[in-house]
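So the protein lines, in turn, are chains G and F.
Reminder that position 80 of the first sequence reads as 80 in the numbering used here, one-by-one numbering, no gaps.
Just remember that the numbering used here sits 1000 ahead of the position in the second sequence, which is counted from 1.
Derived by calculation from the structure, the hints in this document are not laboratory data.
Among the clues, some could well be false.
Quick list of in silico lysine-lysine cross-link-like pairs, DSS-like style, CA-CA up to 27 Å [claimed, not checked]:
1) G/226 - F/1019
2) G/37 - F/1528
3) G/137 - F/1195
4) F/1452 - G/198
5) F/1528 - G/6
6) F/1452 - G/209
7) F/1195 - G/128
8) F/1241 - G/37
9) G/128 - F/1413
10) G/104 - G/61
11) F/1046 - G/222
12) G/200 - F/1452
13) F/1029 - G/219
14) F/1184 - G/226
15) F/1387 - G/6
16) F/1241 - G/88
17) F/1544 - G/6
18) G/226 - F/1413
19) G/185 - F/1052
20) G/37 - F/1544
21) F/1184 - G/200
22) F/1544 - G/185
One side only, chain G facing chain F, incomplete, derived with CB under 8 Å [unchecked claim]:
23) 46
24) 96
25) 101
26) 102
27) 104
28) 106
29) 188
30) 209
Calculated Cβ distances over 12 Å to all of chain G for the following chain F residues [unchecked claim]:
31) 1095
32) 1158
33) 1199
34) 1536
All C-beta atoms, glycine included, are put in the ideal place defined by N, C-alpha and C.
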Amino acid sequence: MEFERKMLTVYIMGEAYEVPEGSTILMAIEYAGFQVKRGVGCREGFCGACATVYREKGDYKLKGGLACQTVVTDGMAIAQIPSVPAEKPIYNIAELEANENTFKELFPTVFRCVACNTCTKACPQDIKVMDYVQALKRGDIARAADLSFDCIRCGLCALRCPAEIVQYNAAILARRLYARYLAPKSHEVDIRIEEIEKGKFDTEIEEMKAMPRDILSEKYYKREIKVD
Amino acid sequence: MYPDYMMESIHNVERTRPKRLEIARKMGKQVFPAMSESERAEVLNKYHPDYKDEARRVLNIGVNKGEKITTKVADMLESYSRIDPNKIDLSRFDIETDVLVIGAGSAGLSAALVASDYGANVLLVTKLRLGDSNSMMAQGGIQAADQPDDNPSIHYLDVIGGGHFDNKPELVEALVKDAPPAIKWLEELGVMFDKTPTGSMTVAAGGGTSRKRMHSARDYTGAAICRVLRDEVYNRPDKIKYIEYTAIIELILDDKGQAIGAVAYHLENKQYSLIKAKSIIIATGGFGRLHIMDFETTNHYGATADGLVLAYRAGAPLLYMDSVQYHPTGAVFPEQIVGFLCTEKIRGMGAQPVNRNGELFVYPLEPRDVEAASFIRESTDRGMGIKTPSGLVGIWLDSPLIEQLSGEGSIEKALPAMLRQYQRFDIDIRKYPMLVYPTLHYQNGGIDINAKAETNIPGLYVAGEASGGVHGRNRLMGNSQLDIIVFGRRSGRNAAERAVSGVQMGKPTLEHVLKYNKDASILGIDSKKVSPVILPNYIPDHVKAKQLTAQYEGNLI
């Protein structure tokens, strides 16, 4: 199968290799003979381990993408970035307040944003990065949390930012503050925890734990299903 | 985009859609009759990959010797250690800690956090980076019975029925009773669950659940949880240290049989080092990257079941290693995403599985093993699947129905990861169905533990997919995200309490590894076979053939 395919030339860390058309950057690197140890993770676009910069033939632009999600083109030049040496402030979430002062203190660089939109263009998840940075400047934590939700922390935004902002670290703080302090509370969860602590379900569960398999099975197949 | 011949089949799906929509509006989730116990048994026996002759064989080594288990797992266990114990100097340890956590997915991260809450110094060791795990990739949700029409007893019955009544009751009890507190713990740490405007948790149905109890964070549920836990670990540098790109390859015992340390191996500089710990937690996850029965997998690159090997060589028994979970809906087209997970939430939201004529053929929310087996039946014996250009076969998952049932924009809101995944390859799942086939997803069994996450070896704990018994022989959706938090926390607390209360350590030994190597040699096992596997290897054979002096990780594959 592989040999019937058209082969393309790609430049992996500066060196030319022939790889089959249709390969992702990750497949291309493996096809070239590497058992990858850095710059690879979930292989499905969820973990942000495989941030890669690349340039396509005839294009002056330096683009960013995930190696596991980007299909190679003929003449593509590829460099992986397995680690981003970005700053991460240390904080105790229980001692913070959900307002812009927290960001002024922990992420002063956020307020240096010049709204150039380079971060948004760099994001392989198509997140409106600049918009959430601007929301943080206004103290709108809920909006920043919402806009940044799909962030996988690949680091490409921070690498391109002329204001040296570490967007993704600010974003996870926004989401954590939102969930802990700003989101409306679920009373059902608290009520259920109290019931469990008081042993409300213990008798029924103990009965089932001791039940012979056939009786338990009968109970299971007769159980009421309410999922609509 | 789909090629023309596949579009022809899609037109059939479109033609039957209005009728199926009408049924869904009238019948809710019950668009097709659910199977009886005997119908389930029939389809499983005939079509589930676990029931094929070559799926299992007798294991010839260690405490489970004589048991029939998954063939690839038996191969992995019937292997030599990566080291000759005689070359290891046990008189000096490189690092000492109270609690050693092996693996940094959500189970390991939870364990580390709770162990540090209970006063222990923690060392986290992971062979890739913190958070690199299957946990990060979980999409659909986490179960917890916190709604008024639900409760932990109902959850208990769903779990144990879904697991074919093979689950360990004490573990199921712990799972369902710790679930609401786990949700609260996560929310307070800063996990953004989907909620209604009044604060109630948004809940959905999953395969085999009798109530809506699937909590979600869009379709990034696992990532939303795991990245918060990781951020919290980063915030405790004084109490939690971590080492990356380092695999644990053996446990060290003492002359009293306690687990007191581990041998670590750095993936790149190849150095081995010795870690001493008062308690050890294995949170290394499952075996998807062993590609059991040559299936594609949804799993993380590092999912090679290393923890099973460590514990087994040290004498911990394994439970239900004859049972493998194939997720019904893995992508089969386009080829760049073959095997990738299409979350069960898609069916939970009303998408129906249909064949090449656009006909429904199964209740969309059977337990995973039953649903997967019915997809295989439809694609093989019944010949109603759709072939891909690269020779794979699948059935349609009719995602556009979701938009018609719940309104335009509902896919973008609730399934952004799925939408993005297909958009990258020019397929809009709001307009066109997804082609799916079962994919290797989850290790149902694992190391035997009790409700305190303890093994039979003093000082050794296990949490998450590496453990066995919680899910019996089939796990339901949303219960692994729950499992890793519940048993991650339990193991963290118990390991810390043991460590802090003081452990009398005896003389360190690798006798168990020496003996294991000897047993392997008596069996006549090829000396090139070593485990843990650590990483799979996807270099093509014709390239490997020229790499005459190459040393790979993963000698089984």
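How the hints compare with the structure:
| no. | hint | result |
| --- | --- | --- |
| 1 | G/226 - F/1019 | holds, 23 Å |
| 2 | G/37 - F/1528 | holds, 21 Å |
| 3 | G/137 - F/1195 | holds, 26 Å |
| 4 | F/1452 - G/198 | holds, 21 Å |
| 5 | F/1528 - G/6 | violated, 36 Å |
| 6 | F/1452 - G/209 | holds, 17 Å |
| 7 | F/1195 - G/128 | holds, 23 Å |
| 8 | F/1241 - G/37 | holds, 22 Å |
| 9 | G/128 - F/1413 | holds, 15 Å |
| 10 | G/104 - G/61 | violated, 33 Å |
| 11 | F/1046 - G/222 | holds, 25 Å |
| 12 | G/200 - F/1452 | holds, 22 Å |
| 13 | F/1029 - G/219 | holds, 21 Å |
| 14 | F/1184 - G/226 | holds, 24 Å |
| 15 | F/1387 - G/6 | holds, 22 Å |
| 16 | F/1241 - G/88 | holds, 15 Å |
| 17 | F/1544 - G/6 | holds, 21 Å |
| 18 | G/226 - F/1413 | holds, 25 Å |
| 19 | G/185 - F/1052 | violated, 49 Å |
| 20 | G/37 - F/1544 | holds, 17 Å |
| 21 | F/1184 - G/200 | holds, 19 Å |
| 22 | F/1544 - G/185 | violated, 56 Å |
| 23 | 46 | holds, 5 Å |
| 24 | 96 | violated, 10 Å |
| 25 | 101 | violated, 18 Å |
| 26 | 102 | violated, 13 Å |
| 27 | 104 | violated, 19 Å |
| 28 | 106 | violated, 11 Å |
| 29 | 188 | holds, 5 Å |
| 30 | 209 | holds, 4 Å |
| 31 | 1095 | holds, 22 Å |
| 32 | 1158 | violated, 8 Å |
| 33 | 1199 | violated, 3 Å |
| 34 | 1536 | violated, 9 Å |
In summary, the numbered hints that this structure violates are 5, 10, 19, 22, 24, 25, 26, 27, 28, 32, 33, 34.
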